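Protein chains in written order, with this note's numbering: chain A, 1 to 226; chain B, 1001 to 1226.
Worth double-checking, as some hints may not be accurate.
[What the hints assert, rightly or not] Straight-line Cα separation of at most 30 Å, BS3-like style, residue types lysine-lysine; simulated pairs: (1) B/K1108 x B/K1138; (2) A/K94 x B/K1219; (3) B/K1138 x A/K221; (4) A/K94 x B/K1124; (5) A/K108 x B/K1012; (6) A/K108 x A/K138; (7) B/K1124 x A/K108; (8) B/K1124 x A/K221; (9) A/K163 x B/K1108.
[Said to hold, decoys possible] Have a look at the derived ranges for each label pair, beta carbon to beta carbon: (10) A/E160 x B/F1014: 39 to 49 Å; (11) A/T178 x B/K1163: 29 to 39 Å; (12) B/A1082 x A/R149: 27 to 37 Å; (13) A/S157 x B/V1117: 37 to 47 Å.
It should be emphasised that the hints constitute simulated quantities derived from the structure, not laboratory data. No experiment lies behind these values; they were computed from the predicted model shown. Backbone N, C-alpha and C define an ideal beta-carbon position, used for all residues, glycine too.
2 protein chains.
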Amino acid sequence: MAKMSFENHIMKQFDDELEEIRTRLMEMGGKVEQQVQNAVRAISEADSKLAEEVIIEEQVVDEMEVDIDTACILIIARRQPAASDLRLVMMVTKAINDLERIGDEAKKIANHAILLVEEGGSSKGYPEIRHIGASVSKMLANALDAFARFDADAAMSTIEEDKQIDLDYKTALRELVTYMMEDPRSISRVINVLWVVRSLERIGDHTKNLCEQIIFVVKGKDIRHK
Amino acid sequence: MAKMSFENHIMKQFDDELEEIRTRLMEMGGKVEQQVQNAVRAISEADSKLAEEVIIEEQVVDEMEVDIDTACILIIARRQPAASDLRLVMMVTKAINDLERIGDEAKKIANHAILLVEEGGSSKGYPEIRHIGASVSKMLANALDAFARFDADAAMSTIEEDKQIDLDYKTALRELVTYMMEDPRSISRVINVLWVVRSLERIGDHTKNLCEQIIFVVKGKDIRHK
C-alpha cells in the first residue's frame, strides 16, 4: 500500500505538472489576445502610448514561450509521458510557438500604429482594420476557449471562421489598392494599413493552427494540410 | 554478454532512428531550398509552368512535415530520449515547422509569379526580387549546411546574414513605393512585387529560427528573442 500511495503521489505530481503547463498556455493566450486587441485599438484611437505598451509587452510573451517550452522538455525528460499526455505536451510546444507569432504580429501592428499616428492624415482603411480586427479577436478567443474545454468540435467550427476572415482580407486589399490609385499621395500611408490587415490575416492563420492542435490532442488525428 | 549485445542492438536501432529523422529533415530542407529558388526563377523568367510546379510540390513538403513529426513523437514515446537526444528530437519538430512555412512562402511567391505573368507589363522591382532572393537562398543553404555538420558557429554567423536581408528588404520597399507614386497605374502590379519581397523577408526570419534551433541542440542554450 505504501508503494501504491507513493505512485499515486508521483502521478499526482505529474498531473499537476500537466495542469500547470495548460494553465500557463492559457495565461499566455490571454496575454496575446489582449495584445491583439490593444494593437487594433491603438490604431483606431490613434493612441501611440497604447502601441508602445504593446511593443514593450511583447517581451513578456517571448519569455512566456521560452519558459513554457523549457517546462515541456523537462516533463518529457522526467515523466516520459505516453499517448494523450505526450500529445498534450507536444501540442503545447507548438501552440506556444503560434501564440508567440501572434504576439509578434500584434507588435508589428503596434509599430504601424505609431507610424500612422505620426504621419497623420486620413483614416482610410480604418473601418476595414476594425472589422477584421474584431473577427480575428473573436476567433482567437474562441480557439482559447476550445482549448480550455478540450473541445474538438468547437475547434473545428472556429477553423471555419478563418474563411470569412480571408474573404474580408481580400476585399480590404482591393479597397486599399483603389484608395492608392485615387490618391497617389496617400500611397505610403495606405501601405501601412496594408501591412496591418496582412498581420491580422496572419493572426487568423496562426489561430487556425491552434485549433488544429486542439483537434490533434483530443482526437489524436493530425488534420494539418487537409 | 547476450544481454549486453541486445542492449547494443537496441541502442543501434535508436541511433538509426535519430539518424533517420536527421536525414529526412535534410531532405525536406533540400526540397524547400529548391522550392524557393524555383519560385524566384519563375518570376525572373516569367515562367508560369515552373510556378505551377512549385504550387503542386508544396503538398510534398506538407506531407514531409506530418511524417517527420509523427516519427519524432514515436521516438519520444518508444525511446524516451534524454539530454541532447531529446533536444535533437524537439529541435526537429520545430525545424520542420519552419521549413514548412518557408515552403508556404515559396508557394505564395509562385502564386504571385503567375499573376505577374498574366498581367504582363514592366519588370519594375524584379532586380530587387532577384537580389533578395539570392541572399535568402544562400542563407537557407548555409543554415542547412550548419545543421548537417551540427556547427553552432556556422549557425551563429548565418543568423547575421538576416540583418543585411532586412536592410535590403527595407530599401526595396522604399523603391517600390516610389515606383507606385511615379506610375499609379502600376500600383496593382507593384503590390504583387511587394508581397514577394515580403515573403522573401519572412523566409529569412524562418531561416534564422532554424539557426537558433541548431544552436539549441549543440549548446543546449535557448537564444531565441535574445
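Hint by hint, here is what the structure shows:
| no. | hint | verdict |
| --- | --- | --- |
| 1 | B/K1108 x B/K1138 | 20 Å, holds |
| 2 | A/K94 x B/K1219 | 22 Å, holds |
| 3 | B/K1138 x A/K221 | 36 Å, violated |
| 4 | A/K94 x B/K1124 | 39 Å, violated |
| 5 | A/K108 x B/K1012 | 48 Å, violated |
| 6 | A/K108 x A/K138 | 20 Å, holds |
| 7 | B/K1124 x A/K108 | 27 Å, holds |
| 8 | B/K1124 x A/K221 | 46 Å, violated |
| 9 | A/K163 x B/K1108 | 17 Å, holds |
| 10 | A/E160 x B/F1014: 39 to 49 Å | 42 Å, holds |
| 11 | A/T178 x B/K1163: 29 to 39 Å | 36 Å, holds |
| 12 | B/A1082 x A/R149: 27 to 37 Å | 34 Å, holds |
| 13 | A/S157 x B/V1117: 37 to 47 Å | 38 Å, holds |
Violated hints, listed in ascending order, are 3, 4, 5, 8; each of the other numbered hints is respected by the structure.
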